[in-house]
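**Student:** Below are the chains, spelled out letter by letter.
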Amino acid sequence: MSKSKERPDATVNRRDFLKKGATASVGAAALAGACAQDADGQGERWDRETDIVIVGSGASGLPAAIRARDLNASVIVVEENFDIGGHGIISQGSVALGGGTSVQKKHGVKDSADQIYLENTRPDHVHTRYADRKVVRAFADHNVETFEFLLANGVRFVDVRPMTIPAEGFLTPRRQTTYPWSQDLKETINNTAGSGLMRALEKSARAKGVEILLQHQMTRIVREKPTSGRVLGISVTNLEDDSTINIRARQAVIACTGGSSSNLVIRTIYNPLLTEEYQVGCEPYSRQSGDAEQQGMAIGASLGGTNNMRTESYLALVKPQWLGARYGYDRWKPGGPVFDKAGASGIPVQDYQDLILVNMLGARFYDETVGVHLFNTDGNSDPVFDYLAAAVSSAVIEVNGVKQRAGGPVWAIFDADAVTREEWDPRPPFVDIKNGYFFSADTLEELARKLTRNVYQKTPMAPAALNETVTRYNSHVDLGQDPDFNKPTPRYKIQTPPFYAAWATPILHDTYSGLRVNEKFQVMDIFGQVIPGFYCAGESAGGFALHGLGRATVGGYIAGTNAAKERV
Amino acid sequence: MSQAHSTNVFLSESLPRIISAGTTLALKFQVSCSHGCALQTCFVEFVSSDEHVTRSDLVSHDGNVNETDAVELTVPRQVGEHQWRLVFPRHESENLVHEESALDLHFKTVPHTCSMAVWDVPSPASIGEPVQVKVGVRCSTECQLGGCLVEIHDEAGTKIGEGNLGENPRDGTSALYWTEIEMEPPVTEDVHFRTAIFIGTGTELPHEKSNASFSFRSDKQKQHLVTVKVIENSTGAAVGHVEVRCGHYITSTDKSGIAKIALPEGTFEVSMRRDGFQAQPLNITVNEDLMVELKVVTVPTHNEQAEQLLANYPWG
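Chains as they are written, first to last, in this note's numbering: chain A, 12 to 579; chain B, -17 to 298.
Chain A side only, calculated, beta carbon under 10 Å to chain B, not exhaustive:
# : residue
1 : Val360
2 : Arg432
3 : Glu479
4 : Asp489
5 : Gly491
6 : Lys504
List time: in silico DSS-like cross-link candidates among lysine-lysine, alpha-carbon distance up to 27 Å:
#  : chain 1 : residue 1 : chain 2 : residue 2
7  : B       : Lys116    : A       : Lys461
8  : A       : Lys461    : B       : Lys90
9  : B       : Lys191    : A       : Lys461
10 : B       : Lys10     : A       : Lys461
11 : B       : Lys211    : B       : Lys242
Hints are computed from structural coordinates only; laboratory data are not their basis. Treat the numbers as computed from the prediction; the structure is a model and nothing was measured. Each residue gets a CB set at the ideal place from its N, CA and C atoms; glycine is no exception.
Just chain A, same shape as in the assembly (with noise of 0.2 Å):
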């Protein structure tokens, strides 16, 4: 397994990697490669050598690592977080991956990597008509062989026939849920089923001598020369001890940091407007952090498909499904390992009736009910992008004299009658009063004084403001309707006390642009070049926004494949 250019007895600057770092197996990665002056690094002092290193142990780092090591290169993957999986581990476990794969044979179902391509190129659909052909070409001609080597590394899924996924585009039925764990598997993060993937190619990967450096964070990219030249390798931060550690890649580099929607810099790029009250899924486990983005962008890579990344698509910006919690994409569950940083599980809304959504001002600013359901059966988008839209500029705040168009915080208003029509217990761990995400006053008045503990409610919500909101609404129900925003026969007066404000601000989720790919999934420069040795995979790679794990478990084969295959 080891292989020939490992150098055993080079003179090795262990540094603080054998403190911590390499409490993973270390496998086929070399201990070796310490080179005060390496001939190829420029000068660059390097702690350790491999063939690949790969930033990213999620849905697409892990399926890269397997597949370079099953080339027989060897690899080390680094990895911010303190365990892995990225969003993956977070995920479903809805696996879409077909062409005519054994399971879609076995329940009849006829595919094939063309009517793949067609379907993830559709100009009828807002999904899919932004796409990189040469990249989906690319995905659709190595679905099955990707699913096989799911397969082949140990994932299982739930043997029922795919389904379709109407709302991304495509009908052949493609999607398969992985079983969420079994007994030689670690433990889930929150009980999804994603564990079920994320786990079994961790426990591949590791027995195929994958070292995964867990805590370690990418801050660098060393190229040869600052924007030109072959890519040498990364820079490392060890997250426990703060210590840097360089790490040579003899082959590539690929980046599979899941995307850029944590990463405020990068966000608003796409989408200014998406300033920092807007929460992430996956957050507070996994970050999109935009690592791929922002170095390969500094060492000269280029950004594409940047059309895909409009936040009127699918999933890139979302209405919360848990309110009162800072993280309510997902119902983080108490007693897990990242529950402390969730801070509440959230509560879940039965009827949009209950309540009302406010700005950060306390206005009204949409027909509350909308984007319930993402999607209709058809596959067509409900009302939520203008819902969304309003909901990231509705106030209109004055600074220094000048009006401004603002998001900032959206609140759900409630009374006590609408805890008890929802059966909600507005207690902790339930939401979150601590950090202020959550808050209960006995006046209007007093609730819109209380939300200026919270850190994004940065200009003061003016009490009277609140209190006109709801009679206004008040009366809009004894009117029987919404003359405002047409919010179907509003239901219920908020009237009761105590009243309640509970976090909803939008949540951001899907990257559907990121460094600019060809094929290969190698990385292009601002001068449509490739960069050589640097490849990107997963959510941080641009070229077509298919949701989930299908993208980027097959971009993450592609990647591993021909980063394996490269010589130097």
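Assemble the complex: chain A is given as a structure, and chain B must be docked to it using the hints.
**Tutor:** Here is chain B on its own, set in the frame of chain A:
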């Protein structure tokens, strides 16, 4: 000859310019010496607006600033401009003099702000029948407001009801004192606006006047009793705890699945709400007492739907 050090006396945190009358604040006094001396044997004098003097010992020194323990100070109950004074008196020991320093603190006291809530507003109310509502008032500093007068005025500003707040806050609130008030009946079919007003008098400390607008719908007088029986469609079993809505009128079924609701003559849509059940709304015309059956079917509860959503939606 003695050496002289200048001093500075100040507050650990700045005093707000505007403070609610009668508020008690916990403040620490601080003194710094130009040479960083520890002054634990010294004290600070606090001079209130009525010239009353209180001494507080300096008890700690962090190498730079000397500090007293927290001192509870109550601002005057009278509304208006006030002044306090802090004095670090001249202090001499051996060959060292610490010069006197003083700080004048100017602030304004204002009446306590109050806010209100009005609930259990019947809507629709019947024309010609008195309307009872609950009105609550809360002081921002949680003053006891029991016994204070609240009024209800119509859109023309005419008083149409009044009552005195009860002695205890409403359950589930920290300081919402409340009462039930009967107000004059509506005379037309419409959506009406009324205003509950807290005059702000009758309290020990000054309170601002406060008000809260509310609305209700008025309808013809209720003449008929409609009994709605909610049963499960396939089994015929009665379904209790179902919210039954006839137009704007809402009630709930009892354990035996029966809801009784008084309605005026007219046409109404009968609908229901209970998690885990669903029904097609019925249209009824009321011109006599009626009994209707609303058949419901069981559907997944919201939690079950959420689980299903997670399982079936392409979240990832």
